[in-house]
Amino acid sequence: MTQQLPPAGPAAEPAVQDVAPAAVSVASQWRLMWWRFRKHKLALAGLVVTATLYLVAVFAGFLAPYDSSHLDPEYTYAPPQRLHVVDTSDGWDWGLYVNGYTAEQDPETLEIRFEVDEDTKVPVELFARGPSYTLFGLIETNIHVIGPADPDGPPMYLLGADRLGRDQLSRIIHGTRVSMSVGLVGVAVAFVLGVTLGGVSGYLGGKVDTVIQRMVEFFMSLPTLPLWLGLAAAVPTDWGPLARYFMITVVLSFVAWTSLAREVRGRFLSLREEDFVMAAKLDGVGRRAIIFSHMLPSFTSHLIATLTLSIPAMILAETALSFLGLGLQPPVVSWGVLLQEAQQIRVISTAPWLLLPGLAVVVAVLSLNFMGDGLRDAADPYRR
Amino acid sequence: MAAFIARRFLYMVPTVFLISLVAFVIIQLPPGDYLTTLMAQYASQGESLDQAQLDAMNERYGLDQPFFVQYWKWISGIMFHLDFGQSFEWSQSVSGLLADRLPLTMALAGLTLLLTWFVAVPLGVFSAVKQYSIGDYVATTIGFLGLATPNFLLALVMLWVAFSTFGLSVGEANPVTFAIAILVLGTAGTAGLIRILRANLLDELRKPYVVAARAQGLPEGRLLVKYPLRVAMNPFFSTIGWLLPSLVGGEVIVATVMNLNTVGPLLLGALRSQDMYLAGSIILILGVLTVLGTLISDIALAWLDPRVRLRYR
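Protein chains in written order, with full-length UniProt numbering: chain A, 1 to 384; chain B, 1 to 313.
Treat the hints as calculated values from the structure; they're not laboratory data.
Glycine included, every Cβ here is placed at the ideal spot set by N, Cα and C.
Among these hints, one or two may not hold up.
Each pair of labels, with its calculated beta carbon distance range [to be verified]:
no., chain 1, residue 1, chain 2, residue 2, range
1, B, 110, A, 246, 35 to 45 Å
2, B, 138, A, 30, 29 to 39 Å
3, A, 241, B, 210, 53 to 63 Å
4, B, 303, A, 163, 48 to 58 Å
The list that follows gives simulated cross-link-like pairs (lysine-lysine, BS3-like), each with its CA atoms no further than 27 Å apart [to be verified]:
no., chain 1, residue 1, chain 2, residue 2
5, A, 39, B, 130
6, B, 226, B, 207
7, B, 130, B, 73
8, B, 226, B, 130
9, A, 207, A, 281
10, A, 41, B, 130
Stretch-level coverage of chain A by chain B, calculated; a stretch enters the list once three of its residues show a Cβ under 8 Å from a Cβ in chain B [claimed, not checked]:
no., region
11, 157–167
12, 207–218
13, 306–319
14, 336–345
15, 355–362
16, 365–376
Hey, can you work out the whole structure from these sequences and the hints?
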């Protein structure tokens, strides 16, 4: 699951055709990278989607109609409702509403089935008052971007409800927080490990290098998932959600740092011979200053690309672990935790919308992959 | 060649040692030890172990002794007697449990590998030769989607389709679920391979020797198969190395979703109930299999490509 994607297709054509030559010659490296990156349409789309997902994570409380634990046992497995924008029941009029439900009990199985009832209307409004939450952990408010006009009236399930009548849309939105941040936190841990060990290995060389490289090879030769499972199972079950979250990310980054260490080592090996490093050395610059202020900045862009490409693997891994019940546990909501509800085929055939968190995973992973691919192509703006 | 193989075998030894150490650490990680768990289990059933049995256990696993003594007892049992210890959840020896399930697991992994190659080679070659054609875009899209979709999600969706449209019974394992499992596991590997083969072949096709061969009038088909494909195929042999761990990993989840009688669900159940000797042994075996897979692929690579052989001199 952690293998790197090979580069897709040939490198893009010279990046900066539509920019005046004079502008090119004075542009900074970051500007050149951006010019090159925006050539890659898929990568640009990936960037937009990724940014949107992180915005959703930040404003989850505002965007979701309900909070993640809001439940309503009367509406078990209620199907999704369509949001009507135009009211055509008598004449033509603007008006937000969803249709209500009719409940029907199966006389044999006593199972309650819901049908969307075209005749009843549940009015919906923008900036509706709902359950209160704190935005950024500071401002307490109860305004949601969309919600039923009457908070005490019948509920609204745009993407259906689960086993306990919890709103699937709200839960997916709240799940964005954990699922998208697991990758970031995990990558941050992997970054520290990878850059330190890779840097030491590449800069010092010799015996240290051999030892660290053997270590990297060892970690790469381990079957990732069983190892993750073993370590995740060893996290005590009575730990709080935050501690558990942190442990899971550490477990995930345990494997991810290796590719980063290799990348950093390779760069250091080639940079060590460069003239500017020699010049700094002759100027009497200390070893640490050479590494951190001269060598590291020259391949930051490559690092960012590699980091971006390792986030999706972490998101997938967290989803898998949580799905199996060894990762995060309810009441924490992540996409993997939500998918736990969809383990039985019989449940899925009654309520296919329970698979929707999986779609969110696919979208997130795809867009991060596209973005990472584009970044990697753009990382070296002087090539060709 | 013999020297190369010998050297690779030597490299393997420390890796396998470290893997066994990691597996043993995982066995030891959960709080409490084997005996306390076992006693709690007996107590919950209203029975108790007598002192003689306890002493025998202590002797067998060296539970009151330091870490390395316990490790040595465990690993020497495996190396000399193929004795992996007892699974207390199943009250059965770990080796017996594994012997029941390993064949199906290996069959699953082997068939998946074959499927992956059969699908990925033609698709990869096609999308490199006809670069930027519609077929190329389709293959690339499939590749991306396959990499981004979690295995178990694909398995769930396919099972759901089979269940709702063909009325498949999902309670127990049957050939159809087995086929779906192979298909699902194959998709992820295929996606990665298509991308690798396409990128490699594209690199090769731009090299001067291809132009030279074409200028000499070699027909396109023979030109492609004879040189560039041969070079671009190298990664396929390294895939045995990295496909095995990812297959095994994917297998854990997919087989759990599909109720297949393989090692994966056994490992998961063992981890859930902290049946650590079983879990540790499975992790050890999977790790060693992975290393063996890498070894085989390296040997195949060296045998096929003299450049690799020379690098190890």
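Hints, one by one, checked against the model:
1. B:110 with A:246: 35 to 45 Å: For residue 110 (chain B) and residue 246 (chain A) the Cβ distance comes to about 39 Å; the hint holds.
2. B:138 with A:30: 29 to 39 Å: Cβ of residue 138 (chain B) to Cβ of residue 30 (chain A): about 35 Å, so the range 29 to 39 Å holds.
3. A:241 with B:210: 53 to 63 Å: Holds, at about 57 Å.
4. B:303 with A:163: 48 to 58 Å: 56 Å, holds
5. A:39 with B:130: Satisfied, since the Cα-Cα distance of roughly 23 Å is no more than 27 Å.
6. B:226 with B:207: 14 Å, holds
7. B:130 with B:73: 59 Å, violated
8. B:226 with B:130: Holds, at about 18 Å.
9. A:207 with A:281: Status holds; Cα separation ~22 Å.
10. A:41 with B:130: 21 Å, holds
11. 157–167: violated (count 0)
12. 207–218: holds (count 3)
13. 306–319: With 3 residues closer than 8 Å to chain B, the region 306–319 of chain A meets the three-residue bar; holds.
14. 336–345: holds (count 4)
15. 355–362: As far as the region 355–362 of chain A goes, the hint holds, because 4 residues have Cβ atoms under 8 Å from chain B.
16. 365–376: holds (count 4)
Violated hints, listed in ascending order, are 7, 11; each of the other numbered hints is respected by the structure.
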